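As they're listed, the protein sequences go chains A and B.
Position one of the first sequence corresponds to residue 1 (the working numbering), numbered consecutively onward.
Position one of the second sequence corresponds to residue 1 (the working numbering), numbered consecutively onward.
Worth flagging that the hints you see were computed from the coordinates, not collected in a lab.
Hints may contain errors.
Said to hold, decoys possible - What follows is a list of derived Cβ distance ranges for each label pair:
1. A:122 - B:186: 53 to 59 Å
2. B:50 - A:335: 26 to 32 Å
3. B:50 - A:122: 27 to 33 Å
What the hints assert, rightly or not - Cβ-to-Cβ under 7 Å is the rule here; a few derived chain A residues that face chain B:
4. 117
5. 137
6. 141
7. 172
8. 326
9. 329
10. 333
Small disclaimer: the values here were computed from a predicted structure and weren't measured.
The beta carbon of each residue, even a glycine, is placed where N, CA and C say it ideally should be.
Letter by letter, the chains look like this.
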Amino acid sequence: MATREAPVTTAVTSVGVAIEPATARTWLGQMLLIRRFEEKAAELYSAGKIRGFLHLSIGEEAVSVAAMGALTMADNVVSTYREHGHALARGVPAGPLMAELFGKANGTSRGRGGSMHIFDVGRRFYGGNAIVGGGMPLAVGLALADRLEQRAAITACLFGDGAVAEGEFHESLNLASLWRLPVLFLCENNYYAMGTALDRHQAETDISRKGAAYRIPSAAVDGMDLLATVEAVRRAAEQVRSSGAPFLLECRTYRFRAHSMYDPELYRSKEEVEQWKRRDPITLFRDRIEKDGVLTGADLEALDRAARDATDQAVAFAEAGEWEPVADLLKYVQAGESPCA
Amino acid sequence: MRMTYREAMRTALKEALASDPRVFLMGEDVGRYGGAYAVSKGLLEQFGPERVRDTPLSESAFVGAGIGAALGGMRPIVEVMTVNFSLLALDQVVNTAATLRHMSGGQLGVPLVVRMATGAGRQVAAQHSHSLEGWYAHIPGISVLAPATAHDARWMLPAALGQPDPVFIFEHAMLYPEEGEVGEDPGPLPLFAAAIRRAGRDVTLIAYGGSVGKALAAADTLAAEGVEAEVLDLRSLRPLDDATILASVRRCHRAVVIDEGWRTGSLAAEISSRISESAFFDLDAPVERVCTAEVPIPYPKHLEDAALPQPHRICAAVRGLLKPTPGATR
Numbered sequence: 001m002a003t004r005e006a007p008v009t010t011a012v013t014s015v016g017v018a019i020e021p022a023t024a025r026t027w028l029g030q031m032l033l034i035r036r037f038e039e040k041a042a043e044l045y046s047a048g049k050i051r052g053f054l055h056l057s058i059g060e061e062a063v064s065v066a067a068m069g070a071l072t073m074a075d076n077v078v079s080t081y082r083e084h085g086h087a088l089a090r091g092v093p094a095g096p097l098m099a100e101l102f103g104k105a106n107g108t109s110r111g112r113g114g115s116m117h118i119f120d121v122g123r124r125f126y127g128g129n130a131i132v133g134g135g136m137p138l139a140v141g142l143a144l145a146d147r148l149e150q151r152a153a154i155t156a157c158l159f160g161d162g163a164v165a166e167g168e169f170h171e172s173l174n175l176a177s178l179w180r181l182p183v184l185f186l187c188e189n190n191y192y193a194m195g196t197a198l199d200r201h202q203a204e205t206d207i208s209r210k211g212a213a214y215r216i217p218s219a220a221v222d223g224m225d226l227l228a229t230v231e232a233v234r235r236a237a238e239q240v241r242s243s244g245a246p247f248l249l250e251c252r253t254y255r256f257r258a259h260s261m262y263d264p265e266l267y268r269s270k271e272e273v274e275q276w277k278r279r280d281p282i283t284l285f286r287d288r289i290e291k292d293g294v295l296t297g298a299d300l301e302a303l304d305r306a307a308r309d310a311t312d313q314a315v316a317f318a319e320a321g322e323w324e325p326v327a328d329l330l331k332y333v334q335a336g337e338s339p340c341a
Numbered sequence: 001m002r003m004t005y006r007e008a009m010r011t012a013l014k015e016a017l018a019s020d021p022r023v024f025l026m027g028e029d030v031g032r033y034g035g036a037y038a039v040s041k042g043l044l045e046q047f048g049p050e051r052v053r054d055t056p057l058s059e060s061a062f063v064g065a066g067i068g069a070a071l072g073g074m075r076p077i078v079e080v081m082t083v084n085f086s087l088l089a090l091d092q093v094v095n096t097a098a099t100l101r102h103m104s105g106g107q108l109g110v111p112l113v114v115r116m117a118t119g120a121g122r123q124v125a126a127q128h129s130h131s132l133e134g135w136y137a138h139i140p141g142i143s144v145l146a147p148a149t150a151h152d153a154r155w156m157l158p159a160a161l162g163q164p165d166p167v168f169i170f171e172h173a174m175l176y177p178e179e180g181e182v183g184e185d186p187g188p189l190p191l192f193a194a195a196i197r198r199a200g201r202d203v204t205l206i207a208y209g210g211s212v213g214k215a216l217a218a219a220d221t222l223a224a225e226g227v228e229a230e231v232l233d234l235r236s237l238r239p240l241d242d243a244t245i246l247a248s249v250r251r252c253h254r255a256v257v258i259d260e261g262w263r264t265g266s267l268a269a270e271i272s273s274r275i276s277e278s279a280f281f282d283l284d285a286p287v288e289r290v291c292t293a294e295v296p297i298p299y300p301k302h303l304e305d306a307a308l309p310q311p312h313r314i315c316a317a318v319r320g321l322l323k324p325t326p327g328a329t330r
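With the hints as extra help, turn the sequences into a complete structure.
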């Protein structure tokens with residue numbers, strides 16, 4: 001009978017470490033790029049340039065930046081349909097990303113996927129999965145391939161609180177732990193599964209406690225506090241790397257915008273949203289580094305301008321893109337000569 | 001060499017595991033138990049638990065893990081115990097395996113093989129007996145195979161493993177103990193080609209998987225009555241080999257499609273429709289279908305037999321087609 005270490009639950013709530021100016025620039029720059037990119041995407045949605053579903057992660061930027069910052073380019077990322085932030089923080093260029101939202105041929109998926117299906121195989125960014133929980137078994141499989149091929153990589157599996165209600169969450173945690181696979185399960189708990197509040201869909205609302213049932217060490221962190229989240233993800237990723245076994249990290253965060261552009265937000269109060277906005281991860285971090293004198297007001301201005309410029313360039317790139325010819329409709333169903341039907 | 005369908009599939013698995021380190025087999029009871037249908041018996045001992053993996057009863061997770069492992073460069077073979085249980089993994093099949101190449105604009109491919117048992121005939125009632133491969137054949141992005149012979153059980157697997165996209169192999173549970181001749185190499189037929197198992201001239205019997213033997217039995221009976229039935233084994237349910245189907249129908253002028261799926265919305269309906277669309281003026285009679293009765297498969301033998309396509313029902317359908325049609329001039 002194999003023995004296993006006891007599950008450990010730790011909580012990282014704040015970190016008092018000094019911040020290097022270059023690091024602060026990177027983190028804040030990424031958060032601002034995500035924010036400005038998505039604000040612009042919302043505008044373009046209203047202008048009819050972007051259609052379908054558009055899920056914004058405004059308010060959740062710290063989690064994207066912290067999660068991607070803890071990974072190497074040899075690691076795999078499996079993401080959700082609210083993944084613009086993950087993609088940008090992973091280094092997916094903003095231009096092709098915006099073009100994908102437009103549905104243009106110069107988009108990351110040649111426009112075939114749209115907002116919910118961002119893929120970048122070169123960056124090991126495996127989507128962009130719009131079936132809640134659907135990416136979780138995929139992450140287990142990617143980690144299994146790394147194990148079988150004796151590669152040192154880990155797989156980051158992002159999912160929301162809604163996915164916790166899916167069978168695939170439980171099946172995947174069990175399988176990853178049973179087979180001791182290096183999966184970093186990263187729950188972005190924004191407290192709503194579309195419009196259903198966490199306490200209206202979970203009997204146990206402390207998601208980090210669910211790891212124990214599968215003997216997966218777990219932790220929870222304030223996902224609005226960038227520094228705490230960076231440290232929590234770093235530790236979690238380090239543990240996955242050194243143990244080769246999974247870890248469950250719950251990042252408690254909040255989306256400031258509606259679930260999608262169709263959502264009239266009847267299920268939560270304006271007061272609640274305003275209360276969370278007072279803990280805006282960008283403001284919190286900016287205030288902190290300004291107070292500590294890490295960056296000057298002029299630095300901060302420049303970072304925001306850079307994010308706006310990058311967004312404008314991304315829009316121009318998307319606008320300049322071509323549409324896929326209708327003659328190519330049946331492409332990318334199966335490879336090469338594989339017959340379709 | 002003569003061997004059973006089960007031995008043929010085991011030989012194929014063994015060869016795949018031995019010849020390609022990227023190949024591994026996973027599924028429910030494939031290892032220590034030896035496979036629910038004893039197909040993988042002995043493989044755990046030979047290849048070890050890393051490459052012959054017993055899984056929990058988590059169809060969605062292990063089919064999805066197969067997809068992920070394929071993305072990670074492996075060539076997984078996933079065994080699902082039966083098609084009935086595969087419904088628990090249908091999300092991964094339809095929403096992930098079949099869509100990733102398209103949703104990623106061609107960046108990703110999923111070279112995954114999924115095998116499962118299908119079909120009725122063993123009195124295991126309504127949750128272990130259905131033939132749902134026709135549903136799978138509905139899905140763009142995947143290929144669906146139904147080996148009907150020991151030879152195909154032996155040789156379809158290596159060809160499927162060479163495909164860059166997901167391939168589903170449906171093995172009719174009644175075929176496992178059937179013996180057949182297995183050649184030394186795959187032979188001349190491409191993976192997705194239909195095969196003429198018996199040449200004829202009066203009617204084409206179109207069948208696949210567990211129904212091919214029934215069609216051949218019916219053809220024997222009909223031959224004694226002076227009717228020469230051609231038996232076409234589809235082999236591939238997606239893509240369908242339209243050319244071979246239509247050529248046979250154009251020779252024989254009549255067709256009966258035999259399908260262990262239910263009639264409504266069936267693969268038989270699709271084939272019948274394609275024949276009507278492309279060979280209507282070659283037909284001497286409407287296309288006939290022999291399908292499973294529209295009932296969950298019942299437990300008692302006499303009712304199960306009555307529900308399924310049987311040689312006598314195929315013969316009756318052919319005799320109906322051969323009755324002179326009023327106004328026919330051919």
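Verification of the supplied hints:
1. A:122 - B:186: 53 to 59 Å: 36 Å Cβ-Cβ, so the 53 to 59 Å window is violated.
2. B:50 - A:335: 26 to 32 Å: holds, 28 Å
3. B:50 - A:122: 27 to 33 Å: holds, 29 Å
4. 117: holds, 4 Å
5. 137: Nearest chain B Cβ about 2 Å off; hint holds.
6. 141: holds, 2 Å
7. 172: Check passed: Cβ of residue 172 of chain A comes within 5 Å of chain B, closer than 7 Å.
8. 326: violated, 15 Å
9. 329: violated, 11 Å
10. 333: Residue 333 of chain A check passes; min Cβ-Cβ to chain B is 5 Å, inside 7 Å.
When the structure is compared with the earlier hints, violations turn up for hints 1, 8, 9 and for no others.
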